[in-house]
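Visitor: If you're matching them up, the sequences are chains Z and D in order. For the first sequence, our numbering assigns the number 111 to the last residue and increments by one with no breaks. For the second sequence, our numbering assigns the number 1113 to the last residue and increments by one with no breaks.
Calculated directly from the structure, the hints in this document are not laboratory data. Wrong hints could be hidden among the right ones.
To be verified - No more than 25 Å apart at the CA atoms, straight line, and that leaves these computed lysine-lysine pairs for PhoX-like:
no., chain 1, residue 1, chain 2, residue 2
1, D, 1017, D, 1057
2, Z, 98, D, 1057
3, D, 1071, D, 1018
4, Z, 69, Z, 56
5, D, 1065, Z, 98
6, Z, 98, Z, 69
7, Z, 69, Z, 103
8, Z, 103, Z, 26
9, D, 1069, D, 1057
10, Z, 26, D, 1057
11, Z, 98, D, 1069
12, Z, 103, D, 1057
13, Z, 56, Z, 70
14, D, 1071, Z, 98
15, Z, 26, Z, 69
The primary structure of each chain is shown beneath.
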Amino acid sequence: SQQGEEDPQALSIQEGENATMNCSYKTSINNLQWYRQNSGRGLVHLILIRSNEREKHSGRLRVTLDTSKKSSSLLITASRAADTASYFCATDVGANSKLTFGKGITLSVRP
Amino acid sequence: EAQVTQNPRYLITVTGKKLTVTCSQNMNHEYMSWYRQDPGLGLRQIYYSMNVEVTDKGDVPEGYKVSRKEKRNFPLILESPSPNQTSLYFCASSRDREYQPQHFGDGTRLSIL
Chain Z
1 SQQGEEDPQA LSIQEGENAT MNCSYKTSIN NLQWYRQNSG RGLVHLILIR
51 SNEREKHSGR LRVTLDTSKK SSSLLITASR AADTASYFCA TDVGANSKLT
101 FGKGITLSVR P
Chain D
1001 EAQVTQNPRY LITVTGKKLT VTCSQNMNHE YMSWYRQDPG LGLRQIYYSM
1051 NVEVTDKGDV PEGYKVSRKE KRNFPLILES PSPNQTSLYF CASSRDREYQ
1101 PQHFGDGTRL SIL
């Protein structure tokens, strides 16, 4: 069963704009992670936020976590054409640290 | 360079012909995992391994086998491939249970005719 569900499924923005992507999940988590996948390539880890953290930053990325609402958001500021990719949230659940991925969000950044 | 290497990258084969997809990591990671990625279904975990000689089923293990005889290698075996195993496969590794960001290989695209 899908633990993380991303929203929207697809997002198209102009270069320089901010992109906000959301992820909702169903059960308690150890941590939540965001990954990027460029076309035809493997996933690349972007950022990890633990269940006791509320916000994290990494360069142009900002991730928030609201455990009461079981949701997370990924904000990419000042987007670039190179940010065009699919983005996945993944939840780390349980004792075996099983990562469960959502179906992904396709982000297109127009030059 | 830290990396996860999968081979082959592409394979077209026929139903029933046993095949192995190799995965090797050079980061001394304890945790390794196999996923398949299908349109509309996202990534689903096939098998994972917490350490040498320790493997366990993920969400979709049917039709697959794995082994972990050495820390660096985690091959995925399809004993009798079928067309529904046509997919894009990824191997991933991470340092251990407490440090979870996973490093992914570039993927293996399998087509079973």
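Visitor: Each of the hints needs a verdict: does it hold here or not?
Guide: A quick look at each hint next to the structure:
Proposed proximity of residue 1017 of chain D and residue 1057 of chain D is supported: the alpha carbons are some 23 Å apart, at most 25 Å. Distance check on the hinted pair: residue 98 of chain Z and residue 1057 of chain D sit about 11 Å apart at the alpha-carbon level, within 25 Å; holds. Between the alpha carbons of residue 1071 of chain D and residue 1018 of chain D the distance comes to roughly 24 Å, so the proposed pair stays at or under 25 Å and holds. Restraint check for residue 69 of chain Z and residue 56 of chain Z: the C-alpha separation of about 17 Å stays at or below 25 Å, so the hint holds.
The suggested pairing of residue 1065 of chain D with residue 98 of chain Z holds, with an alpha-carbon distance near 18 Å, which does not exceed 25 Å. For the suggested pair residue 98 of chain Z and residue 69 of chain Z, the alpha carbons sit about 21 Å apart, so the restraint of at most 25 Å is met. Our distance criterion of 25 Å between C-alpha atoms is met by residue 69 of chain Z and residue 103 of chain Z, whose separation comes to about 20 Å. Straight-line distance between C-alpha atoms of residue 103 of chain Z and residue 26 of chain Z comes to about 15 Å, which keeps the hinted pair within the 25 Å bound.
Proposed proximity of residue 1069 of chain D and residue 1057 of chain D is supported: the alpha carbons are some 17 Å apart, at most 25 Å. The suggested pairing of residue 26 of chain Z with residue 1057 of chain D holds, with an alpha-carbon distance near 21 Å, which does not exceed 25 Å. Our distance criterion of 25 Å between C-alpha atoms is met by residue 98 of chain Z and residue 1069 of chain D, whose separation comes to about 21 Å. A threshold of 25 Å between alpha carbons decides the hint, and for residue 103 of chain Z with residue 1057 of chain D the separation of about 21 Å falls inside it, so the pair holds.
A C-alpha spacing of about 16 Å is found between residue 56 of chain Z and residue 70 of chain Z, which places the hinted pair at or below 25 Å, so the restraint holds. In summary, the hint linking residue 1071 of chain D to residue 98 of chain Z is supported, as the alpha carbons are separated by about 19 Å, within the 25 Å threshold. Our distance criterion of 25 Å between C-alpha atoms is met by residue 26 of chain Z and residue 69 of chain Z, whose separation comes to about 9 Å.
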